[in-house]
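**Student:** Sequence:
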Amino acid sequence: MKNIISMKNVTYTYPEAETHATDDISLDIQENEWVSIVGRNGSGKTTLTKLIDGLIDCDSGDIFIDGVKIDEDNIWDARKNIGIVFQNPDHQFVGATVEDDVAFGLENQGVQREDMIKRVDHALQMVDMQDYKKRDPQSLSGGQKQRVAIAGVLAIEPKIIIMDESTSMLDPDGRRTVLDLIQNLRKKQSLTVLSITHDIEETQLSDRIIVLKSGKIVKDSDPKGIYDLGPKLIDYGLEEPFTSLVADGLRDELGQEGYVNEEGLIDQLCKLNSKM
1 MKNIISMKNV
11 TYTYPEAETH
21 ATDDISLDIQ
31 ENEWVSIVGR
41 NGSGKTTLTK
51 LIDGLIDCDS
61 GDIFIDGVKI
71 DEDNIWDARK
81 NIGIVFQNPD
91 HQFVGATVED
101 DVAFGLENQG
111 VQREDMIKRV
121 DHALQMVDMQ
131 DYKKRDPQSL
141 SGGQKQRVAI
151 AGVLAIEPKI
161 IIMDESTSML
171 DPDGRRTVLD
181 LIQNLRKKQS
191 LTVLSITHDI
201 EETQLSDRII
211 VLKSGKIVKD
221 SDPKGIYDLG
231 PKLIDYGLEE
241 PFTSLVADGL
251 RDELGQEGYV
261 NEEGLIDQLC
271 KLNSKM
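Going by the UniProt record's numbering, the sequence shown opens with residue 1, and the numbers climb by one from there.
A couple of the hints might just be wrong.
Unchecked claim - Label pairs and their calculated CB-CB ranges:
| no. | residue 1 | residue 2 | range |
| --- | --- | --- | --- |
| 1 | I117 | N3 | 30 to 36 Å |
| 2 | T11 | S141 | 39 to 45 Å |
| 3 | V68 | D235 | 35 to 41 Å |
Unchecked claim - Derived pair list, reagent style BS3-like, types lysine-lysine, alpha-carbon separation capped at 27 Å:
| no. | residue 1 | residue 2 |
| --- | --- | --- |
| 4 | K8 | K219 |
| 5 | K50 | K213 |
| 6 | K2 | K187 |
Because the hints were derived from the structure by calculation, they are not lab data. Virtual Cβ for every residue (Gly too), placed ideally from N, Cα, C.
Please put together the full structure from these sequences, using the hints given.
**Tutor:** Right, dumping it as structure tokens:
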């Protein structure tokens, strides 16, 4: 697969800051890949997304979106390929009804009304919110609001979705619903997902996890390679996955070394129970 996002030696420093927010970062993200960006507050996660989306310009280095080097002449075209779902969906709502809100991005792009109606309806169907299109967004639950925010992103038909702490305000059930939704949409729509999160549990759907510290990439691996760091994860402001803690506590009984996902842990526990 080709790279949908490439960063080459990208450095950015906020005005009057003494240290770089991103420091000589180089990375490639492929089409249809799910990549989680994790790290402590101030590690550079949000700055990275702002650079990718063109909200700020890097001081040095190059950024490529879908093979095109980004500059001031083409940034608006590049941004059409990117949709962002933020932490608080209330901050994204601008319409009086759900359908008005989902249509907002299309109106900004000058999409014809007939096509707009079709795309809004299709986006709401994809997130199973078509029955709520006449509702006031503020009357919805947290999980429903986030699904509407996702529909607004899907309506513009991006190639890349950035999830910026998008599930941090949801309860566990709402978080799982949104993450499963994004995973299903990624498979159906061939979307690339870039997830910015503090929650190591959220990253279990990822193909890769990139760990940032002080504006630098310090780890880039598949999930198992990151989770196997165990207690060392705390050095990056992260906690061990719950499944790893359980498996570690039952290491002698399970005979399990290193990270095990939820499905694997359940399988091991069932086998253990059958022996009792």
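**Student:** Now tell me if each hint is right for this structure.
**Tutor:** Hints, one by one, checked against the model:
no.	hint	verdict
1	I117 to N3: 30 to 36 Å	holds (35 Å)
2	T11 to S141: 39 to 45 Å	holds (42 Å)
3	V68 to D235: 35 to 41 Å	holds (37 Å)
4	K8 to K219	holds (17 Å)
5	K50 to K213	holds (17 Å)
6	K2 to K187	holds (17 Å)
Consistency with the previously given hints is maintained throughout, with no hint failing.
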